[in-house]
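Asks: Listed below, chain by chain, are the residues.
There are 4 protein chains.
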Amino acid sequence: MSNKTWKHKLHEIIYEADTPAGKLFDVVLLILIILSIVFVMMESVKGLSAQTYTYLYYAEWVITIFFTIEYIARIISINKPKNYIFSFYGIIDLLSTIPLYLSLFIVGSSALLTVRALRLLRIFRILKISRYVGESNRLAKAIKDSKAKIFVFLFAVVVVCIISGTLMYIIEGEKSGFKSIPISVYWCIVTLTTVGYGDIAPVTPIGQLLAAIIMIMGYGIIAVPTGIVSAEYAASQKAAIVHINSQVCTNCHSNKHQDGAKFCNKCGHTLFND
Amino acid sequence: MSNKTWKHKLHEIIYEADTPAGKLFDVVLLILIILSIVFVMMESVKGLSAQTYTYLYYAEWVITIFFTIEYIARIISINKPKNYIFSFYGIIDLLSTIPLYLSLFIVGSSALLTVRALRLLRIFRILKISRYVGESNRLAKAIKDSKAKIFVFLFAVVVVCIISGTLMYIIEGEKSGFKSIPISVYWCIVTLTTVGYGDIAPVTPIGQLLAAIIMIMGYGIIAVPTGIVSAEYAASQKAAIVHINSQVCTNCHSNKHQDGAKFCNKCGHTLFND
Amino acid sequence: MSNKTWKHKLHEIIYEADTPAGKLFDVVLLILIILSIVFVMMESVKGLSAQTYTYLYYAEWVITIFFTIEYIARIISINKPKNYIFSFYGIIDLLSTIPLYLSLFIVGSSALLTVRALRLLRIFRILKISRYVGESNRLAKAIKDSKAKIFVFLFAVVVVCIISGTLMYIIEGEKSGFKSIPISVYWCIVTLTTVGYGDIAPVTPIGQLLAAIIMIMGYGIIAVPTGIVSAEYAASQKAAIVHINSQVCTNCHSNKHQDGAKFCNKCGHTLFND
Amino acid sequence: MSNKTWKHKLHEIIYEADTPAGKLFDVVLLILIILSIVFVMMESVKGLSAQTYTYLYYAEWVITIFFTIEYIARIISINKPKNYIFSFYGIIDLLSTIPLYLSLFIVGSSALLTVRALRLLRIFRILKISRYVGESNRLAKAIKDSKAKIFVFLFAVVVVCIISGTLMYIIEGEKSGFKSIPISVYWCIVTLTTVGYGDIAPVTPIGQLLAAIIMIMGYGIIAVPTGIVSAEYAASQKAAIVHINSQVCTNCHSNKHQDGAKFCNKCGHTLFND
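Protein chains in written order, with UniProt numbering: chain A, 1 to 274; chain B, 1 to 274; chain C, 1 to 274; chain D, 1 to 274.
For the record, the hints were derived by calculation from the structure and aren't laboratory data. In this text, all values refer to a predicted model and were calculated from it rather than measured experimentally. Check before you lean on any hint, since a few could be wrong.
Label pairs and their calculated CB-CB ranges [said to hold, decoys possible]:
{"no.": "1", "chain 1": "A", "residue 1": "Tyr-53", "chain 2": "B", "residue 2": "Thr-204", "range": "39 to 49 Å"}
{"no.": "2", "chain 1": "B", "residue 1": "Thr-54", "chain 2": "C", "residue 2": "Leu-35", "range": "45 to 55 Å"}
{"no.": "3", "chain 1": "B", "residue 1": "Tyr-57", "chain 2": "A", "residue 2": "Gly-173", "range": "14 to 24 Å"}
{"no.": "4", "chain 1": "D", "residue 1": "Met-217", "chain 2": "C", "residue 2": "Met-217", "range": "17 to 27 Å"}
{"no.": "5", "chain 1": "B", "residue 1": "Tyr-57", "chain 2": "A", "residue 2": "Thr-204", "range": "27 to 37 Å"}
{"no.": "6", "chain 1": "B", "residue 1": "Asp-18", "chain 2": "A", "residue 2": "His-8", "range": "50 to 60 Å"}
{"no.": "7", "chain 1": "A", "residue 1": "Ala-21", "chain 2": "D", "residue 2": "Thr-19", "range": "52 to 62 Å"}
25 Å max Cα-Cα, derived DMTMM-like pairs, lysine to aspartate or glutamate [claimed, not checked]:
{"no.": "8", "chain 1": "B", "residue 1": "Lys-147", "chain 2": "A", "residue 2": "Asp-145"}
{"no.": "9", "chain 1": "D", "residue 1": "Lys-144", "chain 2": "C", "residue 2": "Asp-145"}
{"no.": "10", "chain 1": "C", "residue 1": "Lys-7", "chain 2": "C", "residue 2": "Asp-26"}
{"no.": "11", "chain 1": "A", "residue 1": "Lys-175", "chain 2": "B", "residue 2": "Glu-43"}
{"no.": "12", "chain 1": "B", "residue 1": "Lys-175", "chain 2": "C", "residue 2": "Glu-174"}
{"no.": "13", "chain 1": "D", "residue 1": "Lys-175", "chain 2": "B", "residue 2": "Asp-199"}
{"no.": "14", "chain 1": "B", "residue 1": "Lys-9", "chain 2": "B", "residue 2": "Glu-70"}
{"no.": "15", "chain 1": "C", "residue 1": "Lys-46", "chain 2": "B", "residue 2": "Glu-174"}
{"no.": "16", "chain 1": "A", "residue 1": "Lys-179", "chain 2": "B", "residue 2": "Asp-199"}
{"no.": "17", "chain 1": "A", "residue 1": "Lys-147", "chain 2": "D", "residue 2": "Asp-145"}
{"no.": "18", "chain 1": "D", "residue 1": "Lys-175", "chain 2": "A", "residue 2": "Asp-199"}
{"no.": "19", "chain 1": "D", "residue 1": "Lys-179", "chain 2": "A", "residue 2": "Asp-199"}
{"no.": "20", "chain 1": "A", "residue 1": "Lys-80", "chain 2": "A", "residue 2": "Asp-18"}
{"no.": "21", "chain 1": "B", "residue 1": "Lys-147", "chain 2": "C", "residue 2": "Asp-145"}
{"no.": "22", "chain 1": "B", "residue 1": "Lys-175", "chain 2": "C", "residue 2": "Glu-43"}
{"no.": "23", "chain 1": "B", "residue 1": "Lys-46", "chain 2": "A", "residue 2": "Asp-199"}
{"no.": "24", "chain 1": "D", "residue 1": "Lys-179", "chain 2": "A", "residue 2": "Glu-60"}
{"no.": "25", "chain 1": "A", "residue 1": "Lys-144", "chain 2": "D", "residue 2": "Asp-145"}
{"no.": "26", "chain 1": "D", "residue 1": "Lys-175", "chain 2": "A", "residue 2": "Glu-43"}
Glycine included, C-beta positions come from ideal geometry on N, C-alpha and C.
Pulled out of the complex, with its shape left as it was, chain A reads as follows:
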């Protein structure tokens, strides 16, 4: 029984953010994640002193060992470890821990360490407690409702880019940098999204005319996805917001329970609220 209590306490600290200890754990974890990303980024920068690289290497190992302990703790503190291991965060956590071990055997694999950036998404766990949950729930809903339409729209944009790209390839030819149809399609995407690098740009008058038409078109087109999200989001404003906390069920790992819930709404297991 004492062992169970110990496991529950660990579970509460690691998986939940409602208790002071749980909150502290999450904040420390976030700082370590940010530090580790900064270290990986700095490592890729050339021209620092040799000593700095050595320090970065050691710091990297310290953080990796901490992450390893955390990963093991997460597995042992949960009733059904599979629910964690094969969850989105479970895979991210594994991927953000192993690259350094791999780098002992495979050269260059330490660059994969920036997968750790994905762990930053955990920040929403802490924010969950505050009013952000309602916000991001509504935002998520608006994006989800718009997804199908935006997909249809982006698909149409890609079709337009393939056709315009081919036309530009025929009009401009290789001399202007439109070396092949894929390159021309790439140029068309760069133009239609108004990024406009300028590494490839039309030179002939007809090419510039077509480019101008594509741009004006893109200017009108950009209105469409924005309009969709706007309308969906406005529509979602009337929907009620349910207050949810970050309690995690020890049995099924479900982590969205309403305030005051005593049993998991997925598997019926008792929730430990103390």
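We have chain A already, so just place chains B, C and D on it with the hints.
Replies: Coordinates of chains B, C and D only, in the frame set by chain A:
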């Protein structure tokens, strides 16, 4: 009678996407269309091995022959072939089949093969069955309702570009790359749409000041079409969505029938639902 | 009396677009305006044959003489010529006619001929009859209602650009192309509006960090004017649309009268509807 | 008592914009602020005559002395000087006055003079009286309500940029200009925000494919913050607008009082309206 049944079955497979066979046909067709576009694109890329070009050439012919058979099958399986041949998709289908035959006689015409990209729009046929139809109907309606206003708006933008372009031509002159008024107008469109290639950029202080004003203006202007589509789309949200399937009438080729319809709502011909 | 009828008929043809003759006049005028703009643009292009420039010069004179006749006709067919001469279109019409005459005395003044582009705005006169009037009225209203807010917003953007530009000047210095504060402010406007020419770009790590912050900020900021117009436009959708035609009062030159109006709503003068 | 009246009058002129004298003072101050910014900017421009720099230096001193007097007047005319000195504008006013004095001792500190641009925000003080107050109140409210959501959104964008940037670093490598992960992340921000300088651009086919995906994604993503502000702003349209004037309490420095208020709504001190 047996012949008629055979024709109906073929019609159902080719034109409709409600039966498993019809769905399979459409999916296979889409994959072939995508493959053929990828092949045409790859053919334009320089620096591949000679053998690859030979393979691509053969693959191109295989797909073209399949498209030819499909085109003939579409014509014979319909009661009034003219309705198909002169429809939007009929013309696209013909245009996407003949370039390779033409390339036997005319050099370079195979580049026209990317017209096939337009065939990708068929994807909406398959999606039609799902909830996408409601979405794209509403989206289409919002775009259609906004068209007049966006046209008025884009027309005003073009007038602004002609005037600003001429001013820049007078201010900057040929040294800065503003070689002629059309080029300056082209630059102005590139700037106002926030594409900004950088192949032409103002150099004189007055030119840069005018450019800055154009940009700030463009920043405020971009809000207008977005606002229009947003509002139209929001307004369309209250309109009811009618559920439509992809049944095609064998008589008049009309393909928008409500679920459960037994007769074509355009010509009164019986719909074969089996 | 016969003279008065003649004047009225001319007035109806030139100023109004409700009769077939008036419509035809406006369409011919628009085509001439577009042609004259195309000619002015072509004249600025280098590398055409000497004969082409001669033809363009003659064509320019033909159009200018037509515009001169039109300008005189407009003055004599109206009761109070001052109302026309000092109106927006009156000044535009004068400015688009005299540059060629001036070019006989002053070299280079023919470039001012593109002021004619502003005459293109007359197109809305023809469109007025159709449903476009409602559209552009509502659009104009939404823009007018948003103007104050967008001005406040753009002003804040300029303040941000001045401060960020100065910071970049201090950080990057002259080596990276940030030669002076005005140039840095220009760069900041180019960046914040997402145009991004690339003629000036930060080189130092701190400069790139600040640039990244400016961009992310600009990404969030661009939402503001769009949101304003969207909301205003949606709000204006509930307002009723009054049907207006292009009847022009011969007395006071007011040109917005409701369908079926018999007297001018500004001065009480009788409207000639025949 | 006479001294108190004198202080009140000064207070009314300097801090408030409801009387003609107060309005005039604010307009003169704004013109001086704009002039001083123009002078600082011009000073950074190279290639002007030596005499111009001398004039600019003198003008700078004249304005600084005026600002110094204004700063002292602000302190002595208020009952509790601390409320002003440590307020936002108090700090800005100090920062915009001292750099020139500092420049006598420290070389280069005069560049800090553009902090004066922040003083331009005072313009809203004058505009306050007009209908702008309602507008900017609503705008401010919409932005404030959207802040949390836009922050969540921008945070997600940064995470996406870190991951995509690292991928591009691995794919493109140093040859294409992707020298380190921070540089690649910088490139990714430049691309996703559609700025697109073109100083760094992908060269390999896989890099260009990933870049195209990032752009299309960015195109869809830009819709989100716009949608949020639109919806919030539209929602705020129903809220009532309270008319507020720029009366400042001599006791607690609170400056938002409703029209006709006789006592400060923060400390209960009498407001001098004469």
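Asks: Against this structure, judge whether each hint is valid.
Replies: So, going through the hints one by one against the coordinates:
1. A C-beta distance of roughly 47 Å is found between A/Tyr-53 and B/Thr-204, which places it inside the suggested range of 39 to 49 Å.
2. One distance hint, 45 to 55 Å for the beta-carbon pair B/Thr-54 and C/Leu-35, holds here, with the actual separation near 52 Å.
3. For the pair B/Tyr-57 and A/Gly-173, the supplied restraint of 14 to 24 Å holds, since their beta-carbon distance comes to about 22 Å.
4. Range check, D/Met-217 to C/Met-217: about 20 Å between beta-carbon atoms, so the 17 to 27 Å window is met.
5. Between B/Tyr-57 and A/Thr-204 the C-beta distance comes to about 29 Å, which sits within the given range of 27 to 37 Å.
6. Look at B/Asp-18 against A/His-8: about 54 Å separates their beta carbons, and that is inside 50 to 60 Å.
7. A hinted range of 52 to 62 Å holds for the C-beta pair A/Ala-21 and D/Thr-19, which are about 60 Å apart.
8. Distance hint between B/Lys-147 and A/Asp-145 is fulfilled; the C-alpha atoms sit about 24 Å from each other, no more than 25 Å.
9. The hinted pair formed by D/Lys-144 and C/Asp-145 meets the criterion: a straight-line CA distance of about 21 Å does not exceed 25 Å.
10. Taking the CA atoms of C/Lys-7 and C/Asp-26, the gap is near 18 Å; set against the 25 Å cutoff, the hint holds.
11. With a C-alpha separation of about 18 Å, the suggested pair A/Lys-175 and B/Glu-43 falls inside the 25 Å cut-off, and the hint holds.
12. Proposed proximity of B/Lys-175 and C/Glu-174 is supported: the alpha carbons are some 23 Å apart, at most 25 Å.
13. This hinted pair checks out: D/Lys-175 and B/Asp-199 have alpha carbons roughly 23 Å apart, not beyond 25 Å.
14. Only pairs whose Cα atoms come within 25 Å are accepted, and B/Lys-9 paired with B/Glu-70 is accepted, the gap being roughly 14 Å.
15. Distance check on the hinted pair: C/Lys-46 and B/Glu-174 sit about 10 Å apart at the alpha-carbon level, within 25 Å; holds.
16. Only pairs whose Cα atoms come within 25 Å are accepted, and A/Lys-179 paired with B/Asp-199 is accepted, the gap being roughly 18 Å.
17. For a cut-off of 25 Å, the pair hint linking A/Lys-147 to D/Asp-145 stands: about 24 Å separates their Cα positions.
18. For a cut-off of 25 Å, the pair hint linking D/Lys-175 to A/Asp-199 stands: about 16 Å separates their Cα positions.
19. Proximity of D/Lys-179 to A/Asp-199 is assessed by CA-CA distance (about 18 Å); at most 25 Å being required, the pair is judged to hold.
20. Restraint check: the Cα-Cα separation between A/Lys-80 and A/Asp-18 comes to about 22 Å, which is no more than 25 Å; the hinted pair holds.
21. Note on B/Lys-147 and C/Asp-145: the hinted pairing holds, with a Cα-Cα distance of about 22 Å set against a maximum of 25 Å.
22. Proximity of B/Lys-175 to C/Glu-43 is assessed by CA-CA distance (about 18 Å); at most 25 Å being required, the pair is judged to hold.
23. Under the criterion of a C-alpha separation no larger than 25 Å, the hint pairing B/Lys-46 with A/Asp-199 is consistent with the structure, at around 19 Å.
24. Between D/Lys-179 and A/Glu-60, the direct Cα distance comes to roughly 21 Å. Compliance with the 25 Å bound is thereby established for this hinted pair.
25. Distance hint between A/Lys-144 and D/Asp-145 is fulfilled; the C-alpha atoms sit about 21 Å from each other, no more than 25 Å.
26. At roughly 18 Å between alpha-carbon atoms, D/Lys-175 and A/Glu-43 fall within 25 Å of each other, so this suggested pair holds.
Violation of the numbered hints given earlier is absent; every hint is satisfied by the structure.
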